[in-house]
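Novice: Mind assembling these two chains? They're in different frames, but the hints should get you there.
The residues making up each chain are set out below.
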Amino acid sequence: MAKGVRPRVKAPRSAEAGEVVVIKTLISHKMESGQRKDSDGNVIPRSIINRFTCEYNGAMVVDVEMHPAISTNPYFEFEATIPEAGDFQFTWYDDDGSVYEETKTVKVG
Amino acid sequence: MKFNAMTAVAALMLAVPGVASADPDDDNLVVNGEIEMTTKAPLPAHMEDANMDQIMSGWHFRSDETQALQMDDFDNSGMIFVDAGRDQWNAVEGSEGNSCASCHEGPESMEGVRAVYPKWDEEAGEVQTLAMQVNDCREENMGAEPYGYTSGQMANMEALISVQSRGMPVDVAIDGPAKETWEKGKELYYTRTGQLELSCANCHEDNYGMMIRADHLSQGQINGFPTYRLKNAKLNTVHARFKGCVRDTRAETYKPGSDEFVALELYVASRGNGLSVEGPSVRN
Chain A
0 MAKGVRPRVK
10 APRSAEAGEV
20 VVIKTLISHK
30 MESGQRKDSD
40 GNVIPRSIIN
50 RFTCEYNGAM
60 VVDVEMHPAI
70 STNPYFEFEA
80 TIPEAGDFQF
90 TWYDDDGSVY
100 EETKTVKVG
Chain B
0 MKFNAMTAVA
10 ALMLAVPGVA
20 SADPDDDNLV
30 VNGEIEMTTK
40 APLPAHMEDA
50 NMDQIMSGWH
60 FRSDETQALQ
70 MDDFDNSGMI
80 FVDAGRDQWN
90 AVEGSEGNSC
100 ASCHEGPESM
110 EGVRAVYPKW
120 DEEAGEVQTL
130 AMQVNDCREE
140 NMGAEPYGYT
150 SGQMANMEAL
160 ISVQSRGMPV
170 DVAIDGPAKE
180 TWEKGKELYY
190 TRTGQLELSC
200 ANCHEDNYGM
210 MIRADHLSQG
220 QINGFPTYRL
230 KNAKLNTVHA
240 RFKGCVRDTR
250 AETYKPGSDE
260 FVALELYVAS
270 RGNGLSVEGP
280 SVRN
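The listed protein sequences derive, respectively, from chains A and B.
In this text, residue positions in the first sequence follow numbering that gives the first Met the number 0: the first is 0, and each later residue adds one.
In this text, residue positions in the second sequence follow numbering that gives the first Met the number 0: the first is 0, and each later residue adds one.
Chain B extracted, bound-state conformation (with noise of 0.2 Å):
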C-alpha cells in the first residue's frame, strides 16, 4: 500500500514537468514608449484550417528581462547592427561608384517595404526577398559583389529597412503571381523531414506554448527578423534560423538563399499578416 502511494506520488511528480506549458503571457510590446506593436491579432484568412485561434509575435513567449531590451532601442542590442548598416547604406561601392544613398536617399525612403517582402518580382519573374532584391540592387546598380545571403552585411541591411518599417503591419501578398511559390512554401511547412520527421508545424502550429527541452515554442513568427538573439550576441537572418530548425530535425537542409527557403519564407511570412514588423526584435 505504501508502495503503490509512493510510486502515485513519483508518477506525478514526473508528470508535472511533462505538462508545465510555457504559455505566452499578455503583456503589451510598446518601443521607446511611443511604437505600439500589435503582438497578437486575428488568424489570416488564409490559415482557417490551422491548428490555432490567433497569431502571436515570439516575443511574448521570452521571459520578461529579454522582453523588457526590445522595449528601448538603447537596450536593444541589434540597433547597433542598424547603425552599422547605416554606415553600409552610405558607403560607396563597386564599380558605379554608387551607394544606396545615391539612389534611395536616407534609409527612411525604405518606409513599408519591409512589411510587404517577399515579394512577386515582375522583371524577374519570381519571388524574391528582401536578401535578393539588396544583392539585385548591389549587382546591377552598383556593380558590387553581392552580400553573402546570411552574413553580417546582409542581416545589418536588413535591419536598417526593417527598422524603417516598425510597427506598421506585415501584409505579404500570397495571391496572383506569387501564390504558385506560396503553395510550395505552404506544402514545406506541413512536409515532416528529418530523422525526427518534424515538419514545422509539429512543433510552431500543434505545441506553441510548450516547451521543447529547456526553451519555450513559440508560433515560429518572422515579423521581428532580423533578430537578435542573446544566444549569439549578432543578428539572426531568416534563413539562417530556416536552416537551423531544418537541421534540428536532423534533415539535410536546403541552402539559404534557395528557392525552397524563399518560398518557405513567403509562407510563414504570410502567416505573420497582422503582426508588426518588430525587427531588429530581442529573443534568447
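So here's chain A without its partners, still in its complex pose (with noise of 0.2 Å):
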C-alpha cells in the first residue's frame, strides 16, 4: 500500500443555480512509474493512481485515466457546472486496489 496519500479537494462551499465553478483536486502520492530501478538493479514495482473520477450527484463530472508517466501527487483543475444544490464525490483508484474518496458539498442561493 502507498504511504502518505491524502486526498485533497477545494471546492466552492456555495454556488448559484447554473454557475460554472472551478474545481481542484490534489492526491498526495509517488505515482512510481514502474520504469524506475533501485540501487541494486532491480525494477522499482510501478505503483499509481490509474483513474480518478469526479461525480455531481451521482452523474459523471470527469473521468479519467492515468498512465505512467503523471508526475507525484497527481493535480487536476476543471470547471463543473452546479445544477442544484449537492455533492460532488471525488474517488481516485490506486494500482494496489486501494480507493480514496472525498466528498464536498455545495449549497445553491
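Do not take every clue at face value.
Below, in silico cross-link-like pairs of lysine to aspartate or glutamate (EDC-like), each with a Cα-Cα straight-line distance of 20 Å or less [what the hints assert, rightly or not]: (1) A:Lys9 x B:Asp82; (2) A:Lys2 x B:Glu92; (3) A:Lys29 x A:Asp95; (4) B:Lys230 x A:Asp95; (5) A:Lys103 x B:Asp72; (6) A:Lys9 x B:Asp258; (7) B:Lys118 x B:Asp258; (8) B:Lys230 x B:Asp74; (9) A:Lys23 x B:Asp258; (10) A:Lys23 x B:Glu92; (11) A:Lys9 x B:Asp74; (12) A:Lys29 x B:Glu92.
In short, the hints are calculated from the structure, not lab data.
Specialist: In C-alpha cells, the structure reads:
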C-alpha cells in the first residue's frame, strides 16, 4: 500500500444555480512509474493512481485514466456547472486496489 | 563592405543573449489573499558595503506561473509536506513516550521561531540551526533517533515550524555571542571555492538578475526555505541547497550540519533580515 496518500479538494461551499465553478484536486502519491530501478538494479514495481473520477449527484463530471508518465502528487483542475444543490463525489483508484474518496457539499443560493 | 555588415549583425545577435538580463519583477506576494509578504526590503545595516541596493526574495526571480503556485496554499505543493510534518509532530517516538505535542502542544506554539533561527544557544554554547534544535529535542526529550540533517522528515518538520511564522520578518541576531560564527559565515560567503573559483557573492551579489545558463540568478536568500522545487518535486533544505551550490563550483563541499554550513546559514539568513518568512516557498 502506498504511504502518505491524502486526497485534497478545493471546491466552493455555495454557488448560484447554473454557475460554473472551478474545482481543484490533488492527491499526494509517489506515482512510481515502474520504469525505475533501485540501487541494486531491481525494477521498482509500478504503483500509481490509475483513475480519477468526479461525480455530482451521481452524474459523471470527469473520468480520467492515468498512465505511468503522470508526475508525483497528481493535480487536476477543472470546471463544473452546478445545476442544483448537492454533493461532489471524488474518487481515486490506486494500482494496489485502494480507493480514496472525498466528498464536498455545495449549497445553492 | 557587405561582409563587414554581416559580421556586425552576427556580433549583435551574439551579444544580445549575453546582456539579456532576467530582471526581478515588481509583483506583490499575498498568500491565500490574506498573508502579505515583504519580498523587497532595504539592506540590513551590516550589508552597507554589499554590491546591491536592496534585498529581494527569490520569488521575484521566478515566472508568473511559478509565483502563482506560492500564492495559494492549495496550489503550493510544499503544503503536502507540512501535513506530513503535522503527523510527525503528533507521533509518539522514542524511549520517553513523547511526541513534539507532549511538550509543545500544537505546532502553533512555534510561531515566530523560524524567523530568529539560527540563533545562539546558551546551554549548548554554540549557534544552533532549527534542524539542530529539532534533533536535540528528539534525542534529549523524546529519546528518539535524530532525523538525517537534510532528510525528508527533517524538511517536513522545518516546513511545519516555518509555516507558523509566515509573513513575519526574518530577524536573526548577529551580535553578542553569535558574532564570531557570523563573521566566519561572512568569510565563507566571500571566499572563492572550487575549480570555477566562485564565491557565493560572485553569483548572488554581483550577478543576481542575470541568467546562469538557463536559470535566473536570485540573491540566494533563504527566507523561503524549506523550498519546494519543481525540479525534484520535494522540499529542499538550506544545507542541501548550499551543498548543491558549492558542488556546482566544482569544489569538495562541506557536510550538511557542519560548523561551516551552520555559520554560512547564519550569515545568509542575516542577509535576509527584513524579508518575510515564506517557507515552504515554491521555486523551480
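Novice: Determine for every hint whether it applies to the structure shown.
Specialist: Against the structure, the hints come out as follows:
no.	hint	in the structure
1	A:Lys9 x B:Asp82	holds, 16 Å
2	A:Lys2 x B:Glu92	holds, 19 Å
3	A:Lys29 x A:Asp95	holds, 13 Å
4	B:Lys230 x A:Asp95	violated, 27 Å
5	A:Lys103 x B:Asp72	holds, 18 Å
6	A:Lys9 x B:Asp258	violated, 44 Å
7	B:Lys118 x B:Asp258	holds, 13 Å
8	B:Lys230 x B:Asp74	holds, 16 Å
9	A:Lys23 x B:Asp258	violated, 44 Å
10	A:Lys23 x B:Glu92	violated, 35 Å
11	A:Lys9 x B:Asp74	holds, 10 Å
12	A:Lys29 x B:Glu92	violated, 25 Å
Hint violations for this structure: numbers 4, 6, 9, 10 and 12, all remaining hints satisfied.
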